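All chains should be built: construct the whole structure from the sequences, respecting the hints.
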Amino acid sequence: MRFGLLSEAETHPGKSYYSKYWEMVDEVVFAEKMGWDMYATSEQHFAVGGVSSSAPECIYPYMFAVTEHIKFAHVGPQLSPMINHPLRVAERIATMDIMSKGRFITATTRGNTTLALRAFQTEAKDTLSHWEEGFRLMRMALEKDVFSFQGDIYQVPPRSLAPKPVTRPYPVIGTTASSEGRHKAAGEMGILCMNGGRFLGWEDLAKMNELYKSSWKRDPNGPLAEPEIYSLIYGHVAETDKIARDEGEDAILASLDIGADAFGRLAKMADDYAYFGELREVLETRLKDRDYMRNDSASVIIGGPDTTIKLLEKFEECGTDLVWFRFDSVDHHKTMKAIEMVGRHVIPHFKHGGIARSTEDVLTDIRAMRAEVAASPTGYNFGTKS
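For what it's worth, this note's numbering labels the leading residue of the sequence shown as 31, then goes sequentially.
Worth flagging that the hints you see were computed from the coordinates, not collected in a lab. Worth double-checking, as some hints may not be accurate.
[To be verified] With a straight-line cut-off of 20 angstroms between C-alpha atoms, the simulated EDC-like cross-links for lysine to aspartate or glutamate are: (1) Lys243 x Asp336; (2) Lys194 x Glu210; (3) Lys298 x Glu153; (4) Lys272 x Asp319; (5) Lys367 x Asp336; (6) Lys155 x Glu210; (7) Lys101 x Glu210; (8) Lys243 x Glu153; (9) Lys101 x Asp56; (10) Lys247 x Glu162; (11) Lys318 x Asp351; (12) Lys174 x Asp56.
Predicted, not measured: the structure shown is a model, and the values here were computed from it.
Written as structure tokens, this is what we have:
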């Protein structure tokens with residue numbers, strides 16, 4: 031299990047974007063210190079609810095310079111010609127791979143908000159074909175020294191991408207996935223898959239992960255030797271379950287509601303967005319059931335370290351390779367505390383083993399085992415002392 035911190039630069043009312051962006055710098059530096067593996071910012075355009083991460087490629091170069099080891103992911107550049115021309119995305123990938131010294135990956139998307147699609151004069155029914163052809167063009171530009179492309183949308187004469195990435199054959203690229211079709215397509219293409227936000231539970235998460243991995247066909251020219259699937263978690267981690275809920279639960283669930291507001295509209299705009307209608311119905315029903323959202327949605331973690339570990343073990347059982355924590359809904363100082371709690375108590379559990387336990391917990395287990403042994407036919411009488 032690996033760990034990533036994802037931000038959408040959610041800026042709360044009354045706060046400046048200036049301060050939020052510099053807080054993000056503090057968060058990535060601290061995350062690296064606390065042993066996190068990766069940092070991501072999603073690309074969002076004209077979002078409501080405070081989300082303001084419209085140009086990750088502008089903030090990342092500074093973050094590269096103030097970190098040494100943590101990797102970065104640009105999540106969600108939409109491959110539609112009016113939003114992001116695939117060749118411009120390829121150029122940015124190559125440049126950021128150089129500036130990060132090989133610490134950069136990208137997960138593209140077809141988009142999931144009408145606010146962005148309509149602003150950029152893009153029809154929902156066209157986004158899938160835009161992504162499919164755009165991804166092929168982007169990958170070809172990264173893979174081949176000299177390339178040309180003839181498609182329905184793009185016609186590119188022989189060209190050579192400049193600059194070239196330092197990572198060979200090229201940096202890891204992939205896609206976000208919400209539907210069964212997208213998970214299957216990512217596997218068949220041999221690319222990275224990032225999922226999350228389905229809210230349909232552990233069985234559904236396991237099904238999506240397995241669909242991706244069972245469909246996997248290695249691209250002999252690609253950077254991935256085996257499937258990689260990352261899952262997004264909305265939440266907050268604090269000293270105890272109660273503190274985490276008191277500090278973050280209301281804000282997190284409200285943010286989820288806003289973020290999924292477009293799902294119902296998208297479901298009516300294109301057949302291949304129809305599954306969003308089911309997701310929206312689940313959210314409308316389940317958001318009021320906080321126990322379900324915290325424990326069974328396979329999308330939310332709000333709790334102390336022990337609860338967080340138990341839920342992450344379920345993600346691991348479902349086949350997730352890396353989890354993204356989105357802490358944006360809480361204030362900066364609480365986010366910093368959550369980064370620390372995960373770094374001190376959660377990451378070591380999965381990576382280092384031999385975690386120190388409290389005296390009370392150890393003695394409780396010793397006494398329980400002593401009673402079991404004493405009750406067995408061959409047991410010893412240990413008396414009543416610890």
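*Straight-line alpha-carbon gap Lys243 to Asp336, limit 20 angstroms*: 29 angstroms, violated
*Hey, Lys247 versus Glu162, does the alpha-carbon distance stay inside 20 angstroms?*
17 angstroms, holds
*Decide if the proposed pair is consistent with the structure: Lys243 and Glu153, CA atoms, cutoff 20 angstroms inclusive.*
31 angstroms, violated
*Decide if the proposed pair is consistent with the structure: Lys318 and Asp351, CA atoms, cutoff 20 angstroms inclusive.*
Answer violated: Lys318 to Asp351 is near 30 angstroms, above 20 angstroms.
*Is the Cα-Cα distance between Lys194 and Glu210 20 angstroms or less?*
34 angstroms, violated
*Agreement of Lys174 and Asp56 with the hint, judged by alpha carbon distance not exceeding 20 angstroms*: Violated, because 38 angstroms separates the two Cα atoms, which is more than 20 angstroms.
*Mind checking the alpha carbons of Lys101 and Glu210 for me, to see if they're no more than 20 angstroms apart?*
Since the Cα atoms of Lys101 and Glu210 sit roughly 28 angstroms apart, the hinted pair is violated (cutoff 20 angstroms).
_Holds or violated: Lys367 to Asp336, with C-alpha atoms at most 20 angstroms apart_ = 16 angstroms, holds
*Are the Cα positions of Lys272 and Asp319 separated by 20 angstroms at most?*
Satisfied, since the Cα-Cα distance of roughly 17 angstroms is no more than 20 angstroms.
*Is Lys101 within 20 angstroms of Asp56, Cα to Cα?*
15 angstroms, holds
*asked:* Run the distance test for Lys155 versus Glu210: straight-line Cα separation, threshold 20 angstroms.
replied: 18 angstroms, holds
*Quick one, are Lys298 and Glu153 close enough, alpha carbons at most 20 angstroms?*
Roughly 12 angstroms separates the two Cα atoms, so the pair holds.
Violation of the numbered hints given earlier is confined to hints 1, 2, 7, 8, 11 and 12; the remaining hints are satisfied by the structure.
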